[in-house]
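Colleague: Residues per chain are reported as follows:
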Amino acid sequence: MNILKLVIKNITRRRGRFIFTLLGITIGMAAFVALLSLGGNMRAEVTRQAHAMGASLIVTPKNWCAYDQISILTGNALPESLQLEVYEAVAAIEGITAVPYLTQKTAVQNNPVTVTGILPAEMKEFMSWEVAKGDYFSSVDERAIVLGYGIAERFELDLKDSIRIQGEEFPIKAILAQTGSNDDVSIFLPLAVVQEVFEVEGYISYIAAQVADLSKLEFYEAAIIEVANVSVTSDRQLLSAVLSMLGSVNMTLQLIAGVALIAAAFGIINTMMTAIYERRREIGILRAIGAKGSSIFKIFVLESGLYGLLGGLLGVVLGLAVSALVAPLIAESSFNDLLKGAQIEVSLDPGIIALSIIFALVISVASGLYPAWKASRLTPVEAISYE
Amino acid sequence: MRTEGLTKTYDKSSVATHALRGVSLEIPQGAFCCITGPSGHGKSTLLHLLGTLDKPTEGSVFIDGKNTSELNEGELATLRAEKIGFVFQFFNLLQSLTAVENIEVAMMFGKRSPKEQRAQAEKLLDMVGLLDKAHAKPSELSGGQQQRVSIARALANNPSILLMDEPTGNLDSESGEEVMSHIFKIHRMGKTVVIVTHNDELAQKAEILLEIYDGRLKSC
Ligand SMILES: Nc1ncnc2c1ncn2[C@@H]1O[C@H](COP(=O)(O)OP(=O)(O)O)[C@@H](O)[C@H]1O
Ligand SMILES: [Mg+2]
Numbered sequence: 001m002n003i004l005k006l007v008i009k010n011i012t013r014r015r016g017r018f019i020f021t022l023l024g025i026t027i028g029m030a031a032f033v034a035l036l037s038l039g040g041n042m043r044a045e046v047t048r049q050a051h052a053m054g055a056s057l058i059v060t061p062k063n064w065c066a067y068d069q070i071s072i073l074t075g076n077a078l079p080e081s082l083q084l085e086v087y088e089a090v091a092a093i094e095g096i097t098a099v100p101y102l103t104q105k106t107a108v109q110n111n112p113v114t115v116t117g118i119l120p121a122e123m124k125e126f127m128s129w130e131v132a133k134g135d136y137f138s139s140v141d142e143r144a145i146v147l148g149y150g151i152a153e154r155f156e157l158d159l160k161d162s163i164r165i166q167g168e169e170f171p172i173k174a175i176l177a178q179t180g181s182n183d184d185v186s187i188f189l190p191l192a193v194v195q196e197v198f199e200v201e202g203y204i205s206y207i208a209a210q211v212a213d214l215s216k217l218e219f220y221e222a223a224i225i226e227v228a229n230v231s232v233t234s235d236r237q238l239l240s241a242v243l244s245m246l247g248s249v250n251m252t253l254q255l256i257a258g259v260a261l262i263a264a265a266f267g268i269i270n271t272m273m274t275a276i277y278e279r280r281r282e283i284g285i286l287r288a289i290g291a292k293g294s295s296i297f298k299i300f301v302l303e304s305g306l307y308g309l310l311g312g313l314l315g316v317v318l319g320l321a322v323s324a325l326v327a328p329l330i331a332e333s334s335f336n337d338l339l340k341g342a343q344i345e346v347s348l349d350p351g352i353i354a355l356s357i358i359f360a361l362v363i364s365v366a367s368g369l370y371p372a373w374k375a376s377r378l379t380p381v382e383a384i385s386y387e
Numbered sequence: 001m002r003t004e005g006l007t008k009t010y011d012k013s014s015v016a017t018h019a020l021r022g023v024s025l026e027i028p029q030g031a032f033c034c035i036t037g038p039s040g041h042g043k044s045t046l047l048h049l050l051g052t053l054d055k056p057t058e059g060s061v062f063i064d065g066k067n068t069s070e071l072n073e074g075e076l077a078t079l080r081a082e083k084i085g086f087v088f089q090f091f092n093l094l095q096s097l098t099a100v101e102n103i104e105v106a107m108m109f110g111k112r113s114p115k116e117q118r119a120q121a122e123k124l125l126d127m128v129g130l131l132d133k134a135h136a137k138p139s140e141l142s143g144g145q146q147q148r149v150s151i152a153r154a155l156a157n158n159p160s161i162l163l164m165d166e167p168t169g170n171l172d173s174e175s176g177e178e179v180m181s182h183i184f185k186i187h188r189m190g191k192t193v194v195i196v197t198h199n200d201e202l203a204q205k206a207e208i209l210l211e212i213y214d215g216r217l218k219s220c
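Sequence order for the protein chains is A and Z. Numbering-wise (the numbering used here), the first sequence opens with residue 1 and increments by one. Numbering-wise (the numbering used here), the second sequence opens with residue 1 and increments by one.
Just so you know, not all the hints are guaranteed correct.
Here are the simulated lysine-lysine pairs, BS3-like style, with alpha carbons at most 27 Å apart [claimed, not checked]:
{"no.": "1", "chain 1": "A", "residue 1": "9", "chain 2": "Z", "residue 2": "66"}
{"no.": "2", "chain 1": "A", "residue 1": "5", "chain 2": "Z", "residue 2": "66"}
{"no.": "3", "chain 1": "Z", "residue 1": "83", "chain 2": "A", "residue 2": "292"}
{"no.": "4", "chain 1": "A", "residue 1": "374", "chain 2": "A", "residue 2": "5"}
{"no.": "5", "chain 1": "A", "residue 1": "292", "chain 2": "Z", "residue 2": "66"}
{"no.": "6", "chain 1": "Z", "residue 1": "111", "chain 2": "A", "residue 2": "292"}
{"no.": "7", "chain 1": "Z", "residue 1": "115", "chain 2": "A", "residue 2": "292"}
{"no.": "8", "chain 1": "A", "residue 1": "5", "chain 2": "Z", "residue 2": "185"}
{"no.": "9", "chain 1": "A", "residue 1": "292", "chain 2": "Z", "residue 2": "191"}
{"no.": "10", "chain 1": "Z", "residue 1": "137", "chain 2": "A", "residue 2": "292"}
{"no.": "11", "chain 1": "Z", "residue 1": "133", "chain 2": "A", "residue 2": "9"}
{"no.": "12", "chain 1": "Z", "residue 1": "191", "chain 2": "Z", "residue 2": "133"}
{"no.": "13", "chain 1": "A", "residue 1": "292", "chain 2": "Z", "residue 2": "12"}
{"no.": "14", "chain 1": "A", "residue 1": "374", "chain 2": "Z", "residue 2": "12"}
Short, incomplete list of chain Z residues facing chain A, as computed with Cβ under 7 Å [what the hints assert, rightly or not]:
{"no.": "15", "residue": "5"}
{"no.": "16", "residue": "48"}
{"no.": "17", "residue": "53"}
{"no.": "18", "residue": "77"}
{"no.": "19", "residue": "80"}
{"no.": "20", "residue": "81"}
{"no.": "21", "residue": "86"}
{"no.": "22", "residue": "94"}
{"no.": "23", "residue": "96"}
{"no.": "24", "residue": "97"}
{"no.": "25", "residue": "101"}
{"no.": "26", "residue": "104"}
{"no.": "27", "residue": "109"}
Rather than coming from a laboratory, the hints here were simulated on the basis of the structure. Built from N, CA and C at the ideal position, the CB exists for glycine as well.
Isolated chain Z, as found in the complex:
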């Protein structure tokens, strides 16, 4: 995964916000990459661009050597479904669905039969140690448990890239530890992991540590 001169300017309001001012980076396949930096300096914006949730004002994102600026909206959706898993800071889950259904939703647009969906969802729930909570609604789960369900969902379609935006930012240290252990496990599975985090413990484990300051990469 690679970016070239990524720039993002929000100019919907009267004052233009320069969230990113030219970010070029390369994250090799299977790398464990952490993005740090002060709040409001463009970390989430970068992660959204990497995940094709938003379009850069200038520059491009390359995934598996393919320039994502050349893909249409439908192709981007398919790319997200197949190659990228997301975990956000909070409110990751659909409130009307149970834990296991939340994971199944991620497979809704693929080719799996309902049975295969259920089997895969249960396998992933087991992996994050929440099989016994399969039929609990998000409101019945703790913050840490919800994040573990989100991680399981991000893996549903066996993507090669996982993008996480402060996955432990909202958790107490104990559930943070638990969530982190699952993140490390995922990295050992050979997936590319990109995490926006303020967590030093995570950052120390990073193979690539990127610091964003005022929309630019600070060389480390």
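Isolated chain A, as found in the complex:
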């Protein structure tokens, strides 16, 4: 017989209470792990998309707010508020390669989809696009559609199909190979056609630019501001803006999971306090046969720690299972433009797993401290005289 064996026998004695207490910490941990894992994966996905965007500078109108800028990353439609001349001026700067974007909304099978007007040749080169099916635009005012990979998949569209935009049918001419960026979830038409159809001739939404020398980013920013009354952001600033937004969403979710964990901790405290009253007599017997107060303390802390270890392990498994189930739903959900069409994968980050289990252990041991202290403070005769 040793203390650990004694503790395991004690813990499993009341099966119902054991299971419910364990469930409490398991569910708390599962929520925590699921949110942590989903949050981490969203972060990774946004970062990947931002890199896939392929631009290092974004030129926008001066009065755009942070939300508008984030929409560039998410591929949402944006107001047409820059004049095409601005693009020409920016593109003319030595060392800068630029492409204009004109983004508008349309519906495919009743789902909102972004229509992007582009300069066909420049865009293809800028993005290093590859065509999976069909033939790419052959002129700058062709009345046809090149489809992002994700849209074709999701709406089961193919080359013979067409899409109605502003009352006009446009045939699908080509489908792009998967890019991993939000280009996958857009419909592309030549800029001139989009301007005409949406009656915004002469306007674009924003400009993406690559620079010849990345170490001179600030120099190029200044050069752009000199030729036009615009604001310039780097993709890194943009990314950190999105990540901080995502971070505060995650923080809120984790706070909720934290509350669940605190509730679970009180579940442990409650179970342990009950156990002390029930086992008061047994504590007395143990003291009589030579257990020190510190041994009693150890027994009770170990008991609550065991809840944490088991609950932590089960919670991690359950949490990862839940996030594996939920991740595709988030990617599908139409109100989450940020991740629409994205493949959120549930990763088994061993760091997160180890940390979560340690966290569960710390919480449960901490919950056991007070009850264990109470138990160890019972004098032998107080405990023995209790019937």
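Given chain A's structure and the hints, the job is docking chain Z with the ligands onto it.
Modeller: What follows is chain Z with the ligands alone, placed relative to chain A:
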């Protein structure tokens, strides 16, 4: 084992209870000592003080010539583990453990390996005639059987002193007899046995008979 002017006053509640009012006694090594007296007059309190489960308000308990008031909590626990075995009136056993495990628990704080613990526990169970019940839980044992397991456990660390508080008080006469026969056997092993009892048969066998009345020793 010896006491000097043991006094115990419970004053946790508004009225102070004088459970013991100056008890001085001496129990030589290997003696068979019975403590009798009416209920509520301080017998259990005396036994708890002798076993260092509680601290006297005044006076001291000497075990093997050592004043136990001078020992700290850890040293007292070690003393209980090594030198004293306890048997109480009822609920002696840990309900989640089997008979043999209940005996092993007493050796948990010593140096014995699990194998040695098991061997010793089985030897003692055999002695009290319950080897066949080694893996029964307390709830599956009769009151007399539970007391015999308790006696076996009290002997686990080979203590020199056995303190028992009404060990047969809760038993029918037949299981009482059986338990008593084991108590006599233990005494013949050369151990000091101190028993609080209302059982006349036990009291008659006592080498030292102490009667407690109203917290004091009544000379016999
Ligand atoms: N923990 C305690 N707190 C207060 N009073 C107690 C306590 N334990 C015993 N007493 C009182 O001390 C007296 C002696 O009790 P006890 O030693 O148990 O008597 P006995 O064992 O002879 O029946 C009784 O009046 C009892 O009520
Ligand atoms: Mg009593």
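Colleague: All the hints need checking, so say for each whether the structure fits it.
Modeller: Structure-based check of each hint:
Of the supplied pair hints, the one linking residue 9 of chain A and residue 66 of chain Z is violated, its CA atoms being roughly 37 Å apart against a limit of 27 Å. Distance restraint check for residue 5 of chain A and residue 66 of chain Z: the Cα-Cα separation of roughly 35 Å exceeds the 27 Å cut-off, and the hinted pair is therefore not satisfied. Between residue 83 of chain Z and residue 292 of chain A the alpha-carbon distance is near 15 Å, which keeps this suggested pair within the 27 Å criterion. This hinted pair checks out: residue 374 of chain A and residue 5 of chain A have alpha carbons roughly 22 Å apart, not beyond 27 Å.
The suggested pairing of residue 292 of chain A with residue 66 of chain Z holds, with an alpha-carbon distance near 20 Å, which does not exceed 27 Å. Between residue 111 of chain Z and residue 292 of chain A the alpha-carbon distance is near 15 Å, which keeps this suggested pair within the 27 Å criterion. For the hint linking residue 115 of chain Z to residue 292 of chain A, the alpha-carbon distance of about 24 Å falls within 27 Å, and the restraint holds. For a cut-off of 27 Å, the pair hint linking residue 5 of chain A to residue 185 of chain Z is broken: about 32 Å separates their Cα positions.
With a CA separation close to 25 Å, the supplied pair residue 292 of chain A and residue 191 of chain Z stays within the 27 Å bound. In summary, the hint linking residue 137 of chain Z to residue 292 of chain A is supported, as the alpha carbons are separated by about 25 Å, within the 27 Å threshold. With a CA separation close to 19 Å, the supplied pair residue 133 of chain Z and residue 9 of chain A stays within the 27 Å bound. The straight-line distance between the Cα atoms of residue 191 of chain Z and residue 133 of chain Z is roughly 26 Å, inside the 27 Å bound, and the hint therefore holds.
With a C-alpha separation of about 24 Å, the suggested pair residue 292 of chain A and residue 12 of chain Z falls inside the 27 Å cut-off, and the hint holds. Distance restraint check for residue 374 of chain A and residue 12 of chain Z: the Cα-Cα separation of roughly 18 Å lies within the 27 Å cut-off, and the hinted pair is therefore satisfied. For residue 5 of chain Z, the interface hint is violated, since its Cβ never comes within 7 Å of a Cβ in chain A; the closest pair sits about 20 Å apart. Using the Cβ-Cβ criterion of 7 Å, the hint placing residue 48 of chain Z at the interface with chain A is satisfied: the shortest such distance is roughly 5 Å.
About 4 Å separates the beta-carbon of residue 53 of chain Z from the nearest beta-carbon of chain A, less than 7 Å, and the hint is met. Look at residue 77 of chain Z: its Cβ gets to within about 4 Å of chain A, closer than 7 Å, so that hint holds up. With a least beta-carbon distance of about 5 Å to chain A, the hint placing residue 80 of chain Z at the interface is held under the 7 Å criterion. Against a cut-off of 7 Å between C-beta atoms, the interface hint on residue 81 of chain Z holds, since the closest Cβ of chain A lies about 2 Å away.
A least Cβ separation of about 4 Å between residue 86 of chain Z and chain A falls short of the 7 Å threshold, and the interface hint therefore holds. Checking residue 94 of chain Z against chain A by beta carbon gives a least distance of about 5 Å; that is within 7 Å, so the hint holds. Annotation: residue 96 of chain Z was flagged as interfacial toward chain A, and the flag holds, the nearest CB pair being 4 Å apart, inside 7 Å. With a cut of 7 Å, the hint placing residue 97 of chain Z at the interface with chain A holds, because the nearest CB-to-CB distance is about 6 Å.
Hint on residue 101 of chain Z holds. Least Cβ distance to chain A is approximately 6 Å, under the 7 Å limit. Interface restraint check: residue 104 of chain Z against chain A, minimum CB-CB distance 4 Å, threshold 7 Å, status holds. A least Cβ separation of about 5 Å between residue 109 of chain Z and chain A falls short of the 7 Å threshold, and the interface hint therefore holds.
Hints 1, 2, 8, 15, counting from the list given before, are not met by this structure.
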